[in-house]
Amino acid sequence: MFAFVIRRFAQAIIVMLTVGMIAFSLFNYVGDPINNLVGQDTSQADRVALREQLGLNDPFFVQFGRFVLNAARGDFGISYQQRRPVSDLISERLPATLELSIIAAILALAVGVPMGVYTALRRDGFLSHVFLVISLIGISIPTFLIGILLILLFGVVLRWLPTFGRGDVVDLGWWTTGLLTASGAKALIMPSITLALFNMTLIMRLVRSEMLEVLRTDYIKFARARGLANRAINFGHALKNTMVPVITITGLQLGSIIAFAIITETVFQWPGMGLLFIQAINEVDIPVMSAYLCMIALFFVVINLIVDLLYYAVDPRLRIDSTLVGTHG
Amino acid sequence: MRFRNGILAAFAATVLAFSQGADAKTFKWAFQGDVATMDPHGLFETMTLGFQAAIYEGLVIKNSDMVTVGSLATSWESINPTTWRFHLREGVKFHDGADFTAEDVAFSVDRIRSEGSDLKVIAGMIKEVKIIDDHTVDLITPAPDPILPIQLEIFYIMDKDWAIEHKTTTATNLKGGEEGNYANLHANGTGPFMLKERQPGIKTVLVRNPNWWGSMVGNVTEAVFTPVGQNATRVAALIAGDVDMAYPIPVQDWDRLRSAPGAKPLTGPEARTIFLGFDQVRDELLYSNIKGKNPFKDVRVRRAFAHAIDIEAIKKKVMRDASAPAGLMVAPQINGFSEALNERWAYDIDLAKKLLAEAGYGDGFEVTMDCPNDRYVNDERICQAVVGMLAKVGVKVNLLAQTKSKYFGKVLAQNDYDTSFFLLGWTPSSFDSYNPLSALMACRRDGLGAFNLGGYCNEEFMDLLPKIQSETDQVKRQAMIDRAFQIHKDEVGHIPLHQQPLSWGVRDNVSVSQRPDNVFDLRYAIKN
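Protein chains in written order, with this note's numbering: chain L, 1327 to 1655; chain V, 25 to 552.
Calculated directly from the structure, the hints in this document are not laboratory data. Among the hints, a few may not be true.
[Claimed, not checked] One-sided excerpt, in silico: chain V residues whose CB lies under 8 Å from chain L:
{"#": "1", "residue": "Val145"}
{"#": "2", "residue": "Asn205"}
{"#": "3", "residue": "Thr250"}
{"#": "4", "residue": "Val252"}
{"#": "5", "residue": "Ile263"}
{"#": "6", "residue": "Ala437"}
{"#": "7", "residue": "Gly449"}
{"#": "8", "residue": "Ser453"}
{"#": "9", "residue": "Gly471"}
{"#": "10", "residue": "Ala474"}
[Unchecked claim] Footprint (simulated), chain V over chain L, 3 or more residues, beta carbon under 8 Å:
{"#": "11", "stretch": "1404-1412"}
{"#": "12", "stretch": "1476-1486"}
{"#": "13", "stretch": "1607-1615"}
Every residue gets a Cβ at the ideal spot worked out from N, C-alpha and C, and that includes glycine.
Excised from the complex, chain L in its bound form (with noise of 0.2 Å):
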């Protein structure tokens, strides 16, 4: 167990380091940062006193160590645009993200099992029919025409819910939250609901599938032939054992749920992380995307090693099987 800790750990690294230098190397071929950062009317010769100033004339891999070392102490550097520090950038943005992601996520599994479920036991039914045709739906139209689509219909149509940003927000020290104001609540609505669809119509497949597959299965018959009730049997026995896969596949969504809010919070004008990520794509602010990068991929990394372990402690073959494999050397 420990050896396979230490193992996915050293993987771990050798993943982030692979990143940061793909992600480096790209951004070469992204744009000039200078322009960006001066007026029109600036002289030559102090565009070019600036590149020399941000070591954008030194070979790459002097750059990428640099920069590999700094991101070692939390440092990414000063942002071209905003000229500020990004970790204090991330720090203010994170929350903003998470916010809405964990919440997307909560939606989409609050909303996904049920209806999962329920097409799963009443297979024929005419709503059952209707979930179907509405989960299509969902992975079929693009997040971006959701959102608009929706801001057009709450916001602009019928004025119940402000149409972009975060409302007010109250200040928890290292985090900033809209769930206790008015204004904020109801900011978190449209967007959520935009950044959840997919997911919940994706957990409700599986779970419907999935379901369907445990109700066939011998363990289920013979408690029906015991005669325990319906209930004890579809949410007791069936229900427990869909489960496992659809948490493995939310953890695994969790993280692209947060990385890819990017367009979620680009049509809501949301401050997150994935807003920070296209402005800063948008002006060549080399260090914020680089530092996005970095982190998006530690989330990742991260979400699979807790998933892999999950696997190792929630799985009694896993643990056995190596146990044997001892015994036989």
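Got chain L sorted already, so can you dock chain V onto it with the hints?
Coordinates of chain V only, in the frame set by chain L:
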């Protein structure tokens, strides 16, 4: 709301509490990007400087008719060709209560020379500052500069003591460190508004300065600025009433705004001229199929291109009738404009083909065109239209349209002007013709012609340039400017296309003044 500057916030809140009631007017507006910094010497960019004009002030300011009038200076005169004497306004206080004196002017000049400053070009216009007394200051220029005062609108004055106290005596620097960063997020000016809250990229809040020396038409007591990047979201916010004003509005949304209740578009020609240019320096074009010679060195080819452009079609189909066709490199609002010179080359395909044949390119040729796709209004579509028009005279254009970071990264000086044929736009920051003459059309030497991407060069033009810069007699100066533009036009140094449209959206209960340089001045915002 987050309150970073506790004292100012408390002060503002108390003042507002007394002035609240019938008079409280909160004005919310949105732009596609954010104000880059609160440091008035941090970035030389129209939008940022225009926003800071609510907080900071300079010696002079432009009123809604774009006429330069006194702001922190009440009057000025030229006591000798290289010295301008400014008489400063008395009784002006900064937001923290400190008095405004000549010392602050001298300090600000030093600050714009500092390493992090992006306004060094203004510093370059001032060789030395002499403090005559608390309310009189002399600005000495390196060479006779008759137009110095009208270029000082964007030179904002900071309080010396405040800067020393908060360790921001040098402008906000990219390398970081503590120096300069205080002014990045905090402000202390003399203007009609004070900075209450600054969350970069999210929201910036201003409140009225109750001790302001001046009077203004506007009635805004609190101003909330939010950047909204997505066009659709910005327009939706305006229609829903979440903001009182939003800009820029895409041209294609004008009809939607006209039909939406409660909002309307506000449009007019911007002082920005969009034009085409050619590489006239290299002996062989970098991106063409003609080897051994450069077609753009032949004036007949350039003239053929000019005659091949159907500007009315571009105006109607691409710009939806919102552009103003131009024959000159400057707009009518710019000092030095001449109506007679603003006439375009006639749209004549046969003449264009004839000229190309005369120049030896009867079979046409290929060339690559560089174009930004997110900098000017409908820039990529204009380029696509130009490609189609040139195809009709036999020139096959390969269009390379990219995002502005990549486009400017390719075509500017630091990448060695790597282009053969390009589209560019320009607003003279000083609203005077000398700016485009020296930056866009002058030969690339001695620090001139920095944005002359094609390298157009004419010696008679260069002789006129320094004379234009130092001539004080307006009539003589205009004649020289006319001559310079005429030379450039005869040689088809560039092909001006049009002035692009300003495109703002406002709620019906709001009235604002739309400046031709796209700057939004809060002093004129009235909310009913």
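For each hint, the structure was consulted:
1. Val145: 5 Å, holds
2. Asn205: 7 Å, holds
3. Thr250: Because about 6 Å separates Thr250/V from the closest Cβ in chain L, which is inside the 8 Å limit, the hint holds.
4. Val252: It holds, given that the least Cβ distance between Val252/V and chain L is near 5 Å, below 8 Å.
5. Ile263: 5 Å, holds
6. Ala437: For Ala437/V, the interface hint holds, since the closest Cβ of chain L sits about 5 Å away, which is under 8 Å.
7. Gly449: 10 Å, violated
8. Ser453: Because about 6 Å separates Ser453/V from the closest Cβ in chain L, which is inside the 8 Å limit, the hint holds.
9. Gly471: Holds - the Cβ of Gly471/V comes within 8 Å of chain L, reaching about 6 Å at its closest.
10. Ala474: Hint on Ala474/V: holds, closest Cβ of chain L at ~6 Å, below 8 Å.
11. 1404-1412: Our answer is that it holds, as 7 residues pass the Cβ test (under 8 Å) against chain V, meeting three.
12. 1476-1486: As far as the stretch 1476-1486 of chain L goes, the hint holds, because 5 residues have Cβ atoms under 8 Å from chain V.
13. 1607-1615: Since 3 is at least three, the answer is holds.
Hint 7 from the earlier list is the only one contradicted by this structure; the remaining hints agree with it.
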